[in-house]
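If you read the sequences in order, they're chains A and B. Every letter in the first sequence is one number past the one before it in my numbering, and letter 73, counting from 1, is 73. Throughout, my numbering is defined as the position within the second sequence, counted from one, plus 1000.
Source of the hints: derived by calculation from the structure; they are not laboratory data. Bear in mind the structure is a predicted one, so any value in this text is a computation, not a measurement. Glycine included, every Cβ here is placed at the ideal spot set by N, Cα and C. Warning: the hint list may mix true and false statements.
Derived coverage of chain A by chain B (criterion: at least 3 residues anywhere in the stretch with Cβ under 8 Å from a Cβ of chain B; other residues may be distant) [to be verified]:
hint: 1; segment: 282-295
hint: 2; segment: 341-349
hint: 3; segment: 363-375
Facing chain A, a subset of chain B residues (Cβ under 8 Å, in silico) [as the list claims (entries may be wrong)]:
hint: 4; residue: Asp1053
hint: 5; residue: Trp1142
hint: 6; residue: Glu1178
hint: 7; residue: His1180
hint: 8; residue: Pro1181
hint: 9; residue: Val1232
hint: 10; residue: Ile1246
hint: 11; residue: Leu1252
hint: 12; residue: Glu1259
hint: 13; residue: Glu1260
hint: 14; residue: Thr1385
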Amino acid sequence: MSELVAAEDVLLFVNAAVTATGQREFRSSAAAQHFSLRFVHEYVRVNYRPVYAAALALDINHHNAALIVEQLLRTPHEAGGSEAKRAEGRLIAARLALLPPQRVYRLFRSLRAAGVNNRRTRAIVRAWLAARPDPALDAVKYRPGLKAALRHVHGRPADDETGDFLFAPGRRVRYGNATLDAYRRAHYEQGALYELPFTVAEGFAARHKVPRAVFLERIAPRMTRLEQLRTARAADLTVMPLTRLALYVLSLPFAERVERRAELTHALRAAARRAAGPYAGSWGRVAAVLDDSFSSSGSAVKRRRPLAVALGCHFLLEALAAPGAYTPLWTSGGSDPLLVRPYGPTPLGLRILDALETGPDRVVIVSDGWDNAPPGLAGEVLRVWRTRLDAERRTSVVHLNPVYDAEGFDVRRLAPSVPTAGIRDAEDLAALVEIAQFAEGRTGFAELGAYLDRRVELFLKEAGG
Amino acid sequence: MTRIDLTGLDVRPAQVWGGVRIVPLVRAEPVAGLRLRRELYEGSGLATVDLGDRTTYTSYVPHGFVADWTGAGAGAGAEQGVESAAYGTVLGGEGAPPCVPVRRVHRLAKRRQGERRLRFLPLHLALDGYLALHFGGPSVVWDDWSRKALGQGLSPRAEAAYAGWAVPGLGEALRIFELHPGQCGLLLYVADALAAAFVVPHPDDYRVLHPTLVEDLYGELVHQYAYYGAQVPEFTARIRDGVGGIRTLADLRAAARQEERAWAEAHDGLMARDLLETSYAFERVYRMGDFDLFRFLPPFLRDGREQHIGELITDHKGRAAYLKTFRLSEKQIRKGHLLRRLADRDWHLEATAEDLGTTYAEVVRRIEAAGLGGLLDAHVVARRTREKEEG
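Between the sequences and the hints, there should be enough to build the whole structure, so can you do that?
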């Protein structure tokens, strides 16, 4: 019994760590999300510390990865022996290498605020800083973050010039390093702006009163991929990640979506094929129930996120299914994925019935789990289907939920018999479906532990190689 | 006409948030020839309305509705008889023009010269009907009543209500509510007591007017239920799959459909019964083409049933095209009941006491408890009470 409870706790934590970002959701405030997430982290950290660290090897989101690292570093005395500490350290280092630098600098700053400065922390921070590819770029782009981190761990800057740039800016008349010198010149020379990273140049552009359109045009080559997508001047949409692309498509007005239909569809299909990788076309007959009800509009800070995940899953499942054997069913009854909008109730139960009628090998439900027209019908349909009509389990049903339910400390489930997994990026769908198999309440802790160990091993090997 | 006729509106499954249950009402087809718009008023919302007969009505009025029966938007009638924008309407442009709000509203329902549309103040029309109940005061000069009561009637008459955003949980429930396609109205339950009904002629109007519910007025009872009430349970679907029940997917689908029908029947018969089966006293406020604007008062019976006041626009068959109700609290029902009984007996206290099967002192107590004590002549009442006790 306790094994099952432990397995359930772990899955609950994984779901939370994948979906929750501590931001406002459609049905709960930022404070409620934050509070709920903090509790889950503390609960798992205290009770299942090895699992808590191992979660770093899974596809959890950046917010939770940073939170886990912070919690682990704050409580070294709970870690158990030095062997366990070393294992944690390896996982932390591997995960920090994957996190975006601004997240890591924010993490270092919060460690500093919390007064965490043990030997392990210093070593990890120094190792991470040493591995940065371009210290001068970091010094310009993340100047306060880098400064705080170096001060905190008593580290040495990568070279003398960077050191002077950070801590004694008046000492040199000019810098040998091009980026550092561009930063110096940008104070009085407009041309130097365009040698700087986009975020830094933006401030200088405002100071030099460069017209926004001109500035965006000339800085475009210095932008990162996501910055290009954000300022709507991406040259090549096909290289964007799937969910980001879906968010971008949903941000466009309907007329533009219709106009650029061929281009957008092509980009989404390409991203989906890339995400599907070797699994493309291997899932047989697939039916998807995709939620485009009003609640998929998300919140002001996560605009249309659930809908974008559903849209991403639509294209990914199309790629995963055998050619021509894919049926998408939107809850609104629409059939054009490019023109979806978050509107209307969530008649999940009836849509699941429609999906089952196509006789699929797999049914994938992407929804926030608030089934309200009528409430609870989805759960009943799935229960009766499992117990009366498909007791041999010919069809596998899985529910993916993009929204963390703060009150339930988990993502919302449809029925106990249907495995539910949290999802943040549509790209992770295949891996999440694998985890979801554990959520049927029949696998013990040992199996789950073995699975986690395998993932950790794989993760560390990838990081090492 | 004595009842509210909601023919043409179908019930859909309710959505629950905390103690608030919202039941959507869906029209298969919008009502032809009538549209409803919102007219926003600037400022804090305090407005004084000139009622015409030297009385005024003062309240929180954040917006008014404009009923337009020109048939615009029906497509064919686009050329003939379509109203142009009213004087003062802002066409396009960026943002609201800076101006000083002018807050003098003339009449609760008003049609401007030559226009085929009527501006009225939602809910206030109904509330005014309740406040004006026997507003004139005693009709016969009995000496129990003070000179002020005989001279000025019940003036000034006041009632308190809560704005929607002050009712705990209501704003949130309305925000996250998922509108059904074709939805033209809703029934709002707080702690499973019917708090308000709202129906409009066209789904597009409803989409625009849905947020106005949070600015509406709700009685004390609704506020208290929301404040003290616990979460209400969802009526989740349950499919009976006993032996031989369900063998195929078609059976399963039939069972699911049956669930929906069962809910609609249960709702109309159980939850909305008091609203739909009470016989109301309707008063026509305005006649606009095929449509009539009424306001209505409940019978003020003290039988424990819920009582609503409200306003209603009906088409030529008497079906509701627009409906908005306000749930009276117990105290308000008692007050209405008392005024009705007093008026029935020409404001004679002893006769009323007989009628109610109680004593003179008790009737006086009830009048005082209803907040109408100021209308009585204290000396006469004290003397008469003493006489009764001695005799």
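Each hint, compared with the structure:
1. 282-295: holds (count 3)
2. 341-349: holds (count 5)
3. 363-375: Held - the segment 363-375 of chain A has 4 residues with a Cβ nearer than 8 Å to chain B, which meets the minimum of three.
4. Asp1053: violated (46 Å)
5. Trp1142: violated (58 Å)
6. Glu1178: holds (4 Å)
7. His1180: holds (5 Å)
8. Pro1181: holds (6 Å)
9. Val1232: Result: violated, 12 Å to nearest chain A Cβ.
10. Ile1246: holds (5 Å)
11. Leu1252: This interface hint holds because 6 Å falls under the 8 Å limit.
12. Glu1259: holds (6 Å)
13. Glu1260: holds (6 Å)
14. Thr1385: violated (58 Å)
Hints 4, 5, 9, 14, counting from the list given before, are not met by this structure.
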